[in-house]
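Number of protein chains: 2
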Amino acid sequence: MDEDLVVPINSIKRSYAIVDELRERGRAGATELADALSLPKSTVHNHLRTLATLGYLVEEEGSYRLGAQYLHVGQESRNTRTVFQHGRDTVESLAEKSGRYCQLVIEENGDAAVIQSTQWVPDEGTRATQQAYPMRAPLYTNAPGKAILAHLPPERITQIVERQDLTARTELTVTDEDDLRSEMATIRDQGYAIDRGELISGMVGVAAPIVTEKCVYGAVAAYGAGNEMREALDESLPDLITESADDIRADIVFAGPE
Amino acid sequence: MDEDLVVPINSIKRSYAIVDELRERGRAGATELADALSLPKSTVHNHLRTLATLGYLVEEEGSYRLGAQYLHVGQESRNTRTVFQHGRDTVESLAEKSGRYCQLVIEENGDAAVIQSTQWVPDEGTRATQQAYPMRAPLYTNAPGKAILAHLPPERITQIVERQDLTARTELTVTDEDDLRSEMATIRDQGYAIDRGELISGMVGVAAPIVTEKCVYGAVAAYGAGNEMREALDESLPDLITESADDIRADIVFAGPE
DNA sequence: CGCCTTTGTCCCATATTATCGAACAGATTG
DNA sequence: CAATCTGTTCGATAATATGGGACAAAGGCG
Chain A
1 MDEDLVVPIN SIKRSYAIVD ELRERGRAGA TELADALSLP KSTVHNHLRT
51 LATLGYLVEE EGSYRLGAQY LHVGQESRNT RTVFQHGRDT VESLAEKSGR
101 YCQLVIEENG DAAVIQSTQW VPDEGTRATQ QAYPMRAPLY TNAPGKAILA
151 HLPPERITQI VERQDLTART ELTVTDEDDL RSEMATIRDQ GYAIDRGELI
201 SGMVGVAAPI VTEKCVYGAV AAYGAGNEMR EALDESLPDL ITESADDIRA
251 DIVFAGPE
Chain B
1 MDEDLVVPIN SIKRSYAIVD ELRERGRAGA TELADALSLP KSTVHNHLRT
51 LATLGYLVEE EGSYRLGAQY LHVGQESRNT RTVFQHGRDT VESLAEKSGR
101 YCQLVIEENG DAAVIQSTQW VPDEGTRATQ QAYPMRAPLY TNAPGKAILA
151 HLPPERITQI VERQDLTART ELTVTDEDDL RSEMATIRDQ GYAIDRGELI
201 SGMVGVAAPI VTEKCVYGAV AAYGAGNEMR EALDESLPDL ITESADDIRA
251 DIVFAGPE
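Read top to bottom, the protein sequences are chains A and B. Mapping the first sequence onto full-length UniProt numbering, position 102 (from 1) lands on 102, and the numbers just tick up by one. Mapping the second sequence onto full-length UniProt numbering, position 186 (from 1) lands on 186, and the numbers just tick up by one.
Identical chains blur together in the list; that is why a pair holds if it fits in one copy or across any two.
Derived lysine to any residue pairs resembling SDA-like cross-links, with alpha carbons at most 20 Å apart:
#, residue 1, residue 2
1, K214, S63
2, K13, T31
3, K214, A255
4, K13, R65
5, K13, T53
6, K214, E59
Note that these hints are calculated values from the structure, not bench results.
Just need the whole structure built from these sequences, with the hints factored in.
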């Protein structure tokens, strides 16, 4: 049940703990981080200087900040993903057509990871929720995640469901395994998944999987504030999403399996 | 003169070397990486498993790939930058108005680092060069870099120029310090910098600095293929760029020093 | 103006720990 | 079915990250 939480190389784990801490604070010095992580100053200092030398951190006036290097590494790895190469433009135009905040999502280690998110901002209220929207969450907690999960091989589904214990994020999160499995059947049937605010209260969305005979490449999603989304769910929005997902799938298949 | 190339913590340097190698290959196994880096298999394997456990790498079928975590870390650190918060929309609309490939660039450790790049693609030819455009390069090798460099404090300018030895990237790269210094005077005078293909042959661009009384926040740039850019440089493009930069600066100043 | 705190940085002995070679198992290929 | 590939595991050794303490400098406060 309990995963191997033993990380082989400790310095690296420590290094990323510092990065995480630095990420929350935006900018910090060695002492501040050492206190927060209850580590010796000198150790933290060593790590900071190491990361700075490698170009991942920038130091300004004794204080340290995350550099652009992480962004560049991340963007480069994203750009090589086939689903992104074939889906990027489609997601962007989906955002324009639907007027919603749209995402391109992939599965990663049992989590749904957003690798593209559009900037379409209808109103200020949505903007706030949009910025708060997490870039990574368990598959079962959101529409694109459920859309992907529903089309994974059965053994992987059970594996993922078993490992995570279906803890609730909001009052609407699916916490019962039977409910989840029956919902996935529905998703496979109708071709799209719905999130009624199961990850973030009030954030309602629709998502369709990008799936070929071989595997699931990811999912396309459109999100919005609950009040204005509820009626959209009964109209053309689901069709729009599934069309976009189909376009991307067709584009991938046409380009060849590679 | 020679910088401290001694990296305190060796495992971390090694870890990022593996990440770099993995970045180039997109996907690779332990043996392949071990051969490329001339390291023992087991060491590389340890690093891979460590990074995978931390969520930065994903393993699929024994092979490893960079995960979306780097992207998320990078995006989050970017989103907290004031120049990005105030400049994001302006750069995007600049791309629409000008019809060019536009960038928002900051200085980082003597380099120009692109933290936003638009997706406006006039033609296929530009798309290719656009994708090849590096996200990080020495300040003196490109328009936004020179625009930033020109407005840094004098001591930092000499410090940066001294450290880098002005090696040529193309035939047009500025390699003489006096030339560079006189060009920077021109840039300060006319308010914008020009790149006639000094970093990538044929990639011509204009850039204007986002500068307040206190400091340089970065630069806005517009790039295009050489043939179609040369005439644009004599027309309204430079004005468009400087206006955008001024808009962003005004937005930052208005929001307060914070 | 000077004290006192707090910062970042440096040093070095010690023991933690990352390393690395070899061996194992599974898959793939000839 | 043998021969290579792969990824993985194990364990002893030596390398090395650690962390306590000391230093200088900057900042705050009386």
